[in-house]
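Chemist: Residues per chain, in single letters:
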Amino acid sequence: SQQGEEDPQALSIQEGENATMNCSYKTSINNLQWYRQNSGRGLVHLILIRSNEREKHSGRLRVTLDTSKKSSSLLITASRAADTASYFCASQRQTGANNLFFGTGTRLTVIP
Amino acid sequence: DTEVTQTPKHLVMGMTNKKSLKCEQHMGHRAMYWYKQKAKKPPELMFVYSYEKLSINESVPSRFSPECPNSSLLNLHLHALQPEDSALYLCASSQVPGSNQPQHFGDGTRLSIL
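Chains as they are written, first to last, in the working numbering: chain A, 1 to 112; chain B, 1001 to 1114.
In isolation and in its complexed conformation, chain A is listed as follows:
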């Protein structure tokens, strides 16, 4: 399987705390993307980091990428109840089509 791994599988925090999710992937990549999925909905793209980038910010989101370790992390700062969702990393390989290989996902619960 080319599926990536994420940890933790589930994370429960209080509103206002930070949440960190980690992702590992298997092959050389073109980019690494993070998506959010609310229950019963489709995936929403959050942020894309290219293989030559090490860190990227978007609002309360901070993503890091370590290609030598084939790993990435997503930090959500000052979490809100509305951040409750599943978060997936997805890697796009260096060669071939634009298809993504998704990680196993982290289920985040933010308690008000």
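Keep in mind the hints are simulated off the structure, nothing from the lab. Please note that a few of the clues may not be correct.
What the hints assert, rightly or not - Computed Cβ-Cβ distance ranges for the label pairs, DEER-style:
no., chain 1, residue 1, chain 2, residue 2, range
1, B, Gly1014, A, Gly16, 47 to 53 Å
2, A, Thr77, B, Ser1055, 34 to 40 Å
3, A, Ser68, B, Val1012, 44 to 50 Å
4, A, Gly59, B, Gln1082, 39 to 45 Å
5, A, Lys69, B, Ser1020, 42 to 48 Å
6, B, Arg1110, A, Ile111, 23 to 29 Å
What the hints assert, rightly or not - Simulated crosslink set (PhoX-like; lysine-lysine; CA at most 25 Å straight-line):
no., chain 1, residue 1, chain 2, residue 2
7, A, Lys70, B, Lys1041
8, B, Lys1036, A, Lys26
9, B, Lys1053, B, Lys1036
10, B, Lys1022, B, Lys1040
11, A, Lys26, B, Lys1041
12, B, Lys1009, B, Lys1036
13, A, Lys26, B, Lys1040
Claimed, not checked - Just a sample of chain B residues kept apart from chain A, beta carbon distances all over 12 Å, derived:
no., residue
14, Met1015
15, Lys1019
16, Ser1020
17, Ser1072
18, Leu1073
19, Ala1080
Cβ atoms here follow ideal geometry from the backbone N, Cα and C, with glycine treated the same way.
Start from chain A and add chain B according to the hints.
Modeler: Below, chain B without anything else, positioned relative to chain A:
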């Protein structure tokens, strides 16, 4: 609201039925995708269309038949499905195949096979 529209939202069908899932986008994207997602699992790629031509078929059983009538539409024809095919079917699109672009997802069709 998402920019990728999928219909129907829910579908219940028997194993002998024939039905179709539909997906539409008007963002001018030239790559479109079908994914299957089981509960508490990540999406699994089924098919990729690039410039309206099938470019990837991830060894999907022939009871699933994709069709791309034009650059805005993507269909998934279903026939003689099995109970294990019950899942959320997601459609996605992206600007240009093979580029550093995110995918835009619809909200999916929840399919139940009786």
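Chemist: Against each hint, give a clear statement of whether it holds in the structure.
Modeler: These are the hints, each one checked on the structure:
For Gly1014 of chain B paired with Gly16 of chain A, a C-beta distance near 50 Å keeps the hint of 47 to 53 Å intact. A hinted range of 34 to 40 Å holds for the C-beta pair Thr77 of chain A and Ser1055 of chain B, which are about 39 Å apart. For Ser68 of chain A and Val1012 of chain B, the hinted distance range of 44 to 50 Å is satisfied, since their beta carbons lie about 49 Å from each other. Checking the proposed 39 to 45 Å range against Gly59 of chain A and Gln1082 of chain B shows it holds: the Cβ atoms sit about 43 Å from each other.
At about 44 Å, the beta-carbon gap between Lys69 of chain A and Ser1020 of chain B stays in the expected band of 42 to 48 Å. A C-beta distance of roughly 28 Å is found between Arg1110 of chain B and Ile111 of chain A, which places it inside the suggested range of 23 to 29 Å. A C-alpha spacing of about 21 Å is found between Lys70 of chain A and Lys1041 of chain B, which places the hinted pair at or below 25 Å, so the restraint holds. Using a Cα cut-off of 25 Å, the hinted pair Lys1036 of chain B and Lys26 of chain A holds, with the two alpha carbons roughly 21 Å apart.
This hinted pair checks out: Lys1053 of chain B and Lys1036 of chain B have alpha carbons roughly 20 Å apart, not beyond 25 Å. Annotation: proposed proximity of Lys1022 of chain B to Lys1040 of chain B holds, straight-line Cα distance about 24 Å (limit 25 Å). With a C-alpha separation of about 18 Å, the suggested pairing of Lys26 of chain A with Lys1041 of chain B holds against the 25 Å cut-off. Taking the CA atoms of Lys1009 of chain B and Lys1036 of chain B, the gap is about 14 Å. The hint holds against a cut of 25 Å.
For the hint linking Lys26 of chain A to Lys1040 of chain B, the alpha-carbon distance of about 21 Å falls within 25 Å, and the restraint holds. A cut-off of 12 Å between C-beta atoms confirms that Met1015 of chain B is not in contact with chain A; the least separation is 25 Å. No Cβ of chain A comes within 12 Å of the Cβ of Lys1019 of chain B; the nearest lies about 20 Å off, and the non-interface call holds. For Ser1020 of chain B, the condition that its CB be more than 12 Å from all CB atoms of chain A holds, with the nearest at approximately 19 Å.
With a closest Cβ-Cβ approach of about 18 Å to chain A, Ser1072 of chain B is found to remain outside the 12 Å limit, as its non-interface label requires. Here Leu1073 of chain B stays apart from chain A, with its beta-carbon at least about 17 Å from theirs, past the 12 Å limit. Remark: the non-interface label on Ala1080 of chain B is consistent with the geometry, its nearest Cβ contact in chain A lying 26 Å away (cut-off 12 Å).
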